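Q: Here is how the chains run, residue by residue.
Protein chains: 2
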Amino acid sequence: MRNIRIIIEYDGTNYNGWQIQKNGPSIQEEIQKALKKITGEDINIIGAGRTDAGVHARGQTANFVTKSKIPADKFAWALNSVLNEDIVIKESEEVPLSFHSRYDAKSKLYSYTIYRGLFPPAIMRHYVYHVRFGKHMDMDKLRKAADYFIGTHDFKGFMASGSKVKNTVRTIYNIKIEEELEYIKMFYHGNGFLYNMVRIITGTILYASIGKIDINQIPDIFITGDRDMAGITVPPHGLCLEKVYYD
Amino acid sequence: MRNIRIIIEYDGTNYNGWQIQKNGPSIQEEIQKALKKITGEDINIIGAGRTDAGVHARGQTANFVTKSKIPADKFAWALNSVLNEDIVIKESEEVPLSFHSRYDAKSKLYSYTIYRGLFPPAIMRHYVYHVRFGKHMDMDKLRKAADYFIGTHDFKGFMASGSKVKNTVRTIYNIKIEEELEYIKMFYHGNGFLYNMVRIITGTILYASIGKIDINQIPDIFITGDRDMAGITVPPHGLCLEKVYYD
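Order-wise, the sequence lines are chains A and B.
For reference, each letter of the first sequence is one residue, going 0 to 246 in numbering that gives the first Met the number 0.
For reference, each letter of the second sequence is one residue, going 0 to 246 in numbering that gives the first Met the number 0.
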């Protein structure tokens, strides 16, 4: 038995997310079907992050155990030959049998892309969130709001209500903000993210940038853990899992 | 009668290019149909650049003459309300009746985006050209090759064979090259471009970067005008008309 780690890029537009669902296609299912085709085995793959419907990934990481004799680095080639164009295996390599892509992940990098033009974009519209209040955004406020999220905090107020996670303390190491033309790209690097956390933080930062949330009240949300004080959950299609880091 | 100038963004993936064709949809036709819907008039629009099938635009510019009483700046709103998501009018304004979007264009900015990862990209695959020789590319050579094209040259050797244009002298003011992860984006700003010129120059620069064309022989192509000495015509989907400049 060998344990194979793969790095996956996918366009999540037409999928119900990473995880196998009863209704609708999932990335996990597509890859497992491809593995069945090339190995004949029924393989369960473990993804580092369970991305939601419509969310993309440039660096999702997963692992699976197989009896197949295919050389580890050739799995990428073999899988890509049977997968459709929405899903691309960027790398494959053998890792110790003890490796678990989710439990062993040390940190993750997500990006969220906003388009602030007056009208929605035609190009790349499946990868960016068009904000209708773009011209009212104050980039200084946006950056100041983002700074509040860096560090170790109780992010309970920035988790989708209904989640059952008990420990809601996470650390965000860094938030990098890039501007290019009418696009704003925010990179979040942290040791872990609660359900919808990146999307709610982004919604909060956006609301802070237009004065709809008072920047100085962001620390209160950490204290109260009150989801209703935070901003909207921005839509999934602006989100991309860029990279998963391991030791 | 008023003359209206519009700036257009489009995803050219599913179109036979800008210009009305007998077979297949065109951007021009879609906009003219939208104009018919909102004004009732049969309007012929003039585009600054006749982009090919599959080519995108973020800043195509066009103009048309109309009797409609719609305020000039409201044409964008009205057109966007009837156009499909592939085409977005970013701006509309009234210009003098003498204005002609093609003849009056002083310069144009095109971008060409390359992806040099081992496997094709899943995300943004309709907007980038995947080169299979990515790991053999030498960025120093690429930049040096690009430098040869800046300035005023006879670009006859970099024009699709069969074109009937007589004056093949053009000026490229600047070529800017941006690198981000596995993406390379090249911006070409020039006073005008011959048919397929950006795509052939890009193909030549790419071939130079892997030593398939000797950089020092690029000036010879200007002298001989021999299309066969230049590189391949890279595919249309990496190309985007970013902006058209006027006085």
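Please keep in mind that the hints were generated in silico from the structure rather than gathered at the bench.
Note that the structure is predicted; figures quoted are calculated from it, not measured.
Heads up, the beta-carbon is just placed ideally off N, CA and C, and yes, glycines get one too.
Watch out, some of these pointers could steer you wrong.
Listed below are the simulated SDA-like cross-link pairs for lysine to any residue, each with C-alpha atoms no more than 20 angstroms apart in a straight line [claimed, not checked]: (1) B:K140 - B:I209; (2) B:K73 - A:F132; (3) A:K134 - B:I209; (4) A:K242 - B:L180.
So the derived list for chain B, only partly shown, Cβ under 10 angstroms to chain A, looks like this [to be verified]: (5) N15; (6) G16; (7) Q20; (8) A52; (9) G53; (10) E84; (11) I86; (12) P95; (13) S97; (14) K175; (15) I176; (16) L180.
Q: With reference to the structure, classify each hint as holding or not holding.
A: Hint check results:
| no. | hint | verdict |
| --- | --- | --- |
| 1 | B:K140 - B:I209 | holds, 8 angstroms |
| 2 | B:K73 - A:F132 | holds, 18 angstroms |
| 3 | A:K134 - B:I209 | violated, 44 angstroms |
| 4 | A:K242 - B:L180 | holds, 12 angstroms |
| 5 | N15 | violated, 17 angstroms |
| 6 | G16 | violated, 15 angstroms |
| 7 | Q20 | violated, 20 angstroms |
| 8 | A52 | violated, 16 angstroms |
| 9 | G53 | violated, 13 angstroms |
| 10 | E84 | holds, 6 angstroms |
| 11 | I86 | holds, 6 angstroms |
| 12 | P95 | violated, 24 angstroms |
| 13 | S97 | violated, 28 angstroms |
| 14 | K175 | violated, 13 angstroms |
| 15 | I176 | violated, 15 angstroms |
| 16 | L180 | holds, 8 angstroms |
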